[in-house]
Amino acid sequence: MSHLTVIVVILTCSGFAAYWMLSSAVHHQLDAALLAVAETEAAMLKSNQQQPIKLNETMAGTDQLSFARIDRLVQVINSHGEVLARSANLGSSQLPAPSAILARLAAGETVFETLSTFGDEPVRMVSMPINRHDVPMIVQVAGSLDDVRNVLNAASLLFVVMTLVLLAAVGGVGASLTRKVFHAIDNIVYQAHRINEANLSERLPHPGTRDEIGKLVDTLNEMLDRIERSFEVQRRFTADASHELRSPLSRLRTELEISLRRPRDTTEYQETLQSCLDEVARLTMIVEELLVLARLDAGLERSLVEAVPLNSIIQTVVERIQPMADKRDVQIIVEPLKPIIAKIARASIDLILTNLLDNAIKFSPPGGRVTIRLDVEETEAALSVSDTGPGIKLDEQQQLFERFYRGSIARTTDVSGVGLGLALSQAIARSHGGHIDVSNIDGGGAIFIFKLPLAPFREQHCI
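Residue numbers for the sequence shown follow numbering that gives the first Met the number 0, beginning at 0 and rising by one.
Simulated from the structure, these hints should not be mistaken for lab results.
Each residue gets a CB set at the ideal place from its N, CA and C atoms; glycine is no exception.
Careful: at least some of the hints might be erroneous.
What the hints assert, rightly or not - Calculated lysine-lysine pairs in the DSSO-like style (CA-CA distance at most 30 Å, straight line): (1) K337 x K450; (2) K392 x K450; (3) K450 x K342; (4) K326 x K337; (5) K361 x K392; (6) K361 x K326; (7) K179 x K214; (8) K361 x K450; (9) K337 x K361; (10) K392 x K326.
Claimed, not checked - Pair ranges (Cβ atoms, derived): (11) A32 x A167: 38 to 44 Å; (12) A16 x R193: 48 to 54 Å; (13) R131 x Q93: 36 to 42 Å; (14) L336 x E201: 51 to 57 Å; (15) Q28 x Q93: 23 to 29 Å; (16) E108 x A42: 35 to 41 Å; (17) A167 x M222: 36 to 42 Å; (18) D394 x N186: 38 to 44 Å; (19) R250 x M222: 40 to 46 Å.
From just these sequences and the hints, can you work out the full model?
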């Protein structure tokens, strides 16, 4: 209803403005016509100064005032208001010349006025002063306002009719569109109330148009797609976490129950306790990694970011993990390292590099090698870890960074792990403005490239 009120106000204001402009134009046109006649008569009087005062007309006059002719009413008076000549259509009547008007005319002013009580119709009159033989005279020309008022009345009726028609059309179309829009919105609201975590696959009904409502529905449906994917990831994550936690707990319970069935010697108890300790360590690692992922998801993990020399961190991690590589007969090759400073927390880069090297060593065959390379790509440092293992299937490369996901090779071999290391590394990398990419190497093996922002130029020379 408010939009209809606004339209009424706009149309009313527009109608009044148009009426005022038309009225001004029509009155101005009549004034111009009267002034033209007055100037013509004044020019004739000045050009025939030796002739008696006579108006430029050929029609014989009558004794009655008449507007039957289109001709204007014309008369010439002196400065005292006495009539010197008048047109025939004035009859015996005389155009008024009050003293106030005579005073203004004496000052040389051309005066326009409206005569409401002259004759049987309202009259518009112009009075123009002239000099003839240095004698001041006044030429007066009057014309009926009846035609002007007829035009304005017709225009008023036209404006009213047009306004009513426009209001009816706009109101009808607006009501139809409003019903259609509100019906679509009601359907959207009804469906939105029905959607919850149990039926996230359902979507809001599309109105079938590409207007704002259609764009809104498309946006909301895209949001529901993202929410559904997030819920699915969370459900899968919860199921996988439950499975990974249940397995070591079940093994712990089984070993403890077996140990308690009958008395055993000290050696058997020690073996059982050592096995239980290994399972507890596995559980502790899983829980700690889950807690770090949860804090990263919630934005609560705030490590101290600093300018870190990557070459020294790489050397430290390689020295720590070298015994594991020696045990599996895998050679670690560190290409000549450039002194590169990156912006990251020391613990974060240590953890990421450890996970990447751990995976590369576990999937490299005996006698294989793991190569570490450090480069600069524009504003990023690129730390790559490649191996000589079997590589990664193309359809599994992006899934490697999902939580608890283990590739087909890891599932069919005795390689240990729960599938959290790469997910945790990718989450930490992204929290520092970096990312990890994976691809296969021609000839066999996989390469992981960790890209992270470089430290500002001024910090590159302060380490």
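>> To test your reading of the hints: which numbers does this structure violate?
In response: Of the numbered hints given earlier, those the structure breaks are 13, 16, listed in rising order.
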